[in-house]
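> Sequence:
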Amino acid sequence: MGKAKEVTEKIKGGWTNIDRGKKTGLAVTVGLFILFIAAYSWYSGRVEYVPLFTNLELNDSANIVSDLDARGDIDYRLENGGKDIYV
1 MGKAKEVTEK
11 IKGGWTNIDR
21 GKKTGLAVTV
31 GLFILFIAAY
41 SWYSGRVEYV
51 PLFTNLELND
61 SANIVSDLDA
71 RGDIDYRLEN
81 GGKDIYV
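So the sequence shown is numbered by the numbering used here: it starts at 1 and just counts up by one.
Hints listed in this document are in silico derivations from the structure and should not be mistaken for laboratory results.
Built from N, CA and C at the ideal position, the CB exists for glycine as well.
Certain hints may be false.
[Said to hold, decoys possible] With a straight-line cut-off of 35 Å between C-alpha atoms, the simulated DSBU-like cross-links for lysine-lysine are:
hint: 1; residue 1: Lys23; residue 2: Lys12
hint: 2; residue 1: Lys22; residue 2: Lys12
hint: 3; residue 1: Lys23; residue 2: Lys10
hint: 4; residue 1: Lys22; residue 2: Lys3
hint: 5; residue 1: Lys22; residue 2: Lys10
[To be verified] Okay, the calculated beta carbon distance ranges per label pair:
hint: 6; residue 1: Arg77; residue 2: Gly2; range: 54 to 62 Å
hint: 7; residue 1: Val87; residue 2: Ser41; range: 18 to 26 Å
hint: 8; residue 1: Ala39; residue 2: Arg77; range: 17 to 25 Å
hint: 9; residue 1: Trp15; residue 2: Tyr43; range: 31 to 39 Å
hint: 10; residue 1: Ser66; residue 2: Gly25; range: 57 to 65 Å
hint: 11; residue 1: Thr29; residue 2: Gly81; range: 43 to 51 Å
Build out the structure end to end from the sequences listed, making use of the hints.
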């Protein structure tokens, strides 16, 4: 427990010895790093859908969607009033 307190005191002492410009630069750098990680996480987690079929009749679209649902693990999106299927 004493070692943790000692390390904390060293960090506090080091922080107070840094001039204001360097503190600002460090804070901006850390902020930009966090922003980059958040943006990367958001962008890499997005699903990019591509057209599987376009301009289908609604009954054909319904048959394909029921087949996709039966397979279970295929994400799809309907557009154009259900006439376009994106996976």
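> Between Val87 and Ser41, is the Cβ distance one that fits in 18 to 26 Å?
Given a distance of about 23 Å, which is inside 18 to 26 Å, the answer is holds.
> Please work out if Lys23 and Lys10 have their alpha carbons no farther apart than 35 Å.
holds (16 Å)
> Range first: 54 to 62 Å. Now tell me if the beta carbons of Arg77 and Gly2 are that far apart.
holds (58 Å)
> Holds or violated: Lys22 and Lys12, Cα atoms, limit 35 Å.
OK: Lys22 and Lys12 at ~15 Å, within 35 Å.
> Take the C-alpha atoms of Lys23 and Lys12, compute the straight-line distance between them, and say whether it is at most 35 Å.
holds (13 Å)
> Indicate whether the distance between the beta carbons of Thr29 and Gly81 respects the range 43 to 51 Å.
Since the Cβ atoms of Thr29 and Gly81 sit about 49 Å apart, the hinted range of 43 to 51 Å holds.
> Is the hinted pair Lys22 and Lys3 satisfied, with a Cα-Cα distance of at most 35 Å?
Cα-Cα ~27 Å, so holds.
> Confirm or reject the claim that Ala39 and Arg77 have a C-beta distance inside 17 to 25 Å.
holds (23 Å)
> Just to be careful, I want the Cα atoms of Lys22 and Lys10 compared with a cutoff of 35 Å; is the pair within it?
This hinted pair holds, its Cα atoms lying about 18 Å apart.
> Could you check the hint for me, namely that Trp15 and Tyr43 are 31 to 39 Å apart, CB to CB?
The hint (31 to 39 Å, Cβ to Cβ) holds, given that Trp15 and Tyr43 are roughly 33 Å apart.
> Between Ser66 and Gly25, is the Cβ distance one that fits in 57 to 65 Å?
At 58 Å between Cβs, range holds.
Against the hints set out earlier in the document, no violation occurs for any number.
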